[in-house]
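Peer 1: If you read the sequences in order, they're chains E and F.
So the mapping is simple: the numbering used here equals the position in the first sequence, first residue as 1, plus 6.
So the mapping is simple: the numbering used here equals the position in the second sequence, first residue as 1, plus 728.
Honestly, the hints are just simulated from the structure, not real lab data.
Treat the hints loosely; a few may be bogus.
Unchecked claim - Beta-carbon label-pair distances, calculated as ranges:
id, chain 1, residue 1, chain 2, residue 2, range
1, E, Phe252, F, Asp851, 55 to 61 Å
2, E, Ser256, F, Glu750, 16 to 22 Å
3, F, Ala775, E, Asp87, 46 to 52 Å
4, E, Asp281, F, Arg817, 37 to 43 Å
5, F, Ala810, E, Phe252, 53 to 59 Å
6, E, Asp281, F, Ala820, 40 to 46 Å
7, F, Gly869, E, Leu40, 37 to 43 Å
8, F, Ala775, E, Ala263, 57 to 63 Å
9, E, Asp87, F, Arg944, 36 to 42 Å
10, E, Ser235, F, Arg1096, 33 to 39 Å
11, F, Pro978, E, Gly96, 49 to 55 Å
12, E, Leu197, F, Ala810, 42 to 48 Å
Please read these numbers as outputs of a predicted model, since none were measured by experiment.
Cβ atoms here follow ideal geometry from the backbone N, Cα and C, with glycine treated the same way.
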Amino acid sequence: MIDLAAANVFDWAGPDFLKFYALFAATVLVLQYLVGRVPRGEARAPDLSDPYLIACLRGGERETLRVATVALVDRGLLRVDGDRIAAAPGIDERASRVAVERALLRHFSTPRKTGSLVLATEAKAACEEYARRLVDTGTWTSRESRARRELACWVASALLVVVAAVKLVVALSRGRTNVGFLFGLALIATLLSVSIGRHAGVDRSRQWLRGLRTMLTELPARAKGLAPSGATAELSLLAAVFGLEFVPLSLFPPRDALFGAELAEEAKRRRREVDRLNREGESGWFFRCSSGSSCSAGSFSSGCSGGCGGGCGGCSS
Amino acid sequence: MLVVNVAPTIARDRFGLGWRPELAGELLLARSRIDLLEVVADDWFDAPKERLRALQLLSTQFALVLHGVGLGLASVEPVEEARLARFARLLARVDAEGWSEHLAFVRGGGVELGHLVAPPRRDSIVAGLARNFERAARVVGSPPLLENVATLVDPPGSDRDEAIFVAQALAATGAGLVLDLHNLHANATNLRFDALAWLDVVPMESVVQVHLAGGRAVARGGVTRVLDDHRHDVPDPVYALLESVGERCPQALTVLLERDGDYPSLGSLLGQLDLARAALERGRARRSLVRTKALETAPDRMPTVVPDRRGERRILSAESDLNAVLARAYVDPAARAELVRRGAAACGASNCPLDEIGLELTAESLARKRARLAGSGA
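Bound-form chain F, shown alone:
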């Protein structure tokens, strides 16, 4: 039976961290200072019974939320039933509050990318996402929250802005949003848009969780972009965005700090959670002052006119090949060159060429992820 309510109603803001084996001891010892933990579900699908029992024990110590990274819901291709069944089995075994996935694809045409990739933002993807979301909710038994993803490149084939795409995705699925503020910050930097305007378009009442992380700057071709690598401290602009979220969201939020490497002491991570707590409180305080004005001047969140970069549509041979073409381009330099050539020809090199450097950086990032996965035996 489909469970419509996607997240437990919480009475107050909660602050938690990602469960990482490297931090396990300190996390356990700091239990009283951590409201909940996020567990990457994909790490546990093939876990032996002993590890699953340990995860069950962990769920007796902390509130847990499961976070998926491998379903690839935002795709014209259907998510395999087997992947969903594994998620369902894990959720049945572990006492978790709920689960979440990304507004991303991770494979296409049989090509595994090894990590999340921002999908082309267009109608066919929204429709594919809605189909996959419905199947996921049915097979797993509860619907996931959906998270906005970071990207180094404006996804080829996109015909609308990210904020509109996210708002449409939420409307099409009825999902709650995991608002990753570092992803938003990275995309605002990389794609040059105003993050606050993004927050004005996406329905803030859908926000259930907020994710925080840090990344690093990568410079290429005279342009600096933000890579969301989760290996650095949360930067100030992300706290500022959290403050703005606090201003816009009346509901209690779950704030999770994600760190995936170069681990500092837990004290440092808890310090960043304290900063997040303070930022959210500042936003909440500001909300009470500006609420009336904001209501009066709130923009129409769902524009009826969708920007259409018509040229880019012709890059793709067919909507059904959408993810396959992009997946091949991200793993195969020749396919990438062909995509750039056709994209440039279709759009006209002077006004809307594909972002070749962004594609290259994304392909490099994915190659690193695949190498890391292969190295870890995953």
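Just chain E, same shape as in the assembly:
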């Protein structure tokens, strides 16, 4: 006959439960890894001659739309009046064969602020092609893979915490206070779970971007001498690879009128991110599991442009 009391692991003596928990944690972590693992196929670099793809790589659809806007203004297809943009007289979507540019020309057929790009669903849809190409080349993890990995991370972490918590409650209710080993073991297991959640995927974005920035290291220094008015696409490339803040005002005077507020906000966000990372460097990074990541690949609200990543998933893989 089965001894039910003996079968209830929460009634087990401390050392026995610790052995059980160690085995349980190992099993959970292995399963989490297997379920959330993204195949590490050989990612191939995407076509890096397309500034819009690079912009997407760096900052998602939002960045693609901004760089495309800069390119269209530079080529004289869009005109800036204060903080508003409109298609130049006589210009419509037929002036371009690039989907995202056509969508922007349609969007700005009536004068609007650049902030309206957030609502430009058609233009955002035109950017999905770039996100798809990044997924196809293995540069970005697909939404499905990422969601699966984040879910695996959450479930594994929850299991590890709940099982340890129940035992802690049982032990404390029975007047036993020597729970330090269990607490430590649970902490380590949960940290491992978060770590697996963060690193089980592939992310070549930063790798490609670092390579591009090194390759084009002289471009920012040469920026003031670049040919304006769409003579080459180097302005777009500069903005795509390094960001709009690297585009000199002498080359693109309406930069601050169009994007000044956004750039300032991004700069603040980056500073906060750096501060946060510095703090974490001092105090560790316990429990940063945030499956509600705002960093989905190609998400308009991504903010992946420099330092997003943390917790289960993030945008980094």
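Starting from the known structure of chain E, arrange chain F on it as the hints suggest.
Peer 2: Frame of chain E, contents of chain F only:
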């Protein structure tokens, strides 16, 4: 293991440019119009990991060929194993089609010249080249293509013409040829020979790559010479030579335009590639018309009698000192004067004196190169 095949078999002519950081943005944007890029290997030997990763990324965007300028294969002195090992490491890290070096020496007797110098054209150099080539192929893992070099002076100690020397070098090594047509044009001007006759002597089936560049005229002592500085547009005679190459070569060729300064817009460089494409096509078209006749009248490419300017042999104390004596002469005015004095005495000033002005111009050019290298911290 030695890889015998020195270059990938290509189905069609390809046209590319040299990778230069100053042109990086435009080159990337013009990817669809550029078949391949040439990367100067020596610029990457000591590169930090970050730059090497960037080069690896570049190789995912373009076909790359690595081009060496510092081994100095054409020398009686052996190339140091360490230099070859660096080349091997780079080739292992970068997905390049292959590599090439020059028929030149860059050091001798411990003297670094800072740039390529045409070697004395004689048996000992051909033998030294063959030894260095074999070591290079073994250490690097694949043999290099060899490129003819430009010179402002008929290299002291030479006992044969350049075409014969190049043909012998290719025969001794089995290497493919990087035919630099501006170097050929410059040498034909500076040493007063017929560039087309040169093409008749050198085996055209060995040509794998063709290099194009521009240079400038330098006048000294009433004589004008062509300096191959890679800072000017490709001149018309070089396109004419490319047309002749197209006429002589049935195989698909890789044509590379090299530019090392005073950069024009990429549009201008691509325009020069278009001119090269047109010239090669004209030559190809002409080939089909004259092929039969050419086969009937083809000259014996490897003359059995090698011209021998015996006097110049006595300039050098020993074959093993060949490169050292010349290297010292190019960096030290006193050694240069001594070489000229002994050379003139040996040859007889009236019929075969050394080209003093050519030596001087070469020494000045090398000094500029060394100063530039020192300035760039290289």
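Peer 1: Provide an ascending list of the numbers of those earlier hints which the structure does not satisfy.
Peer 2: 5, 8 and 9
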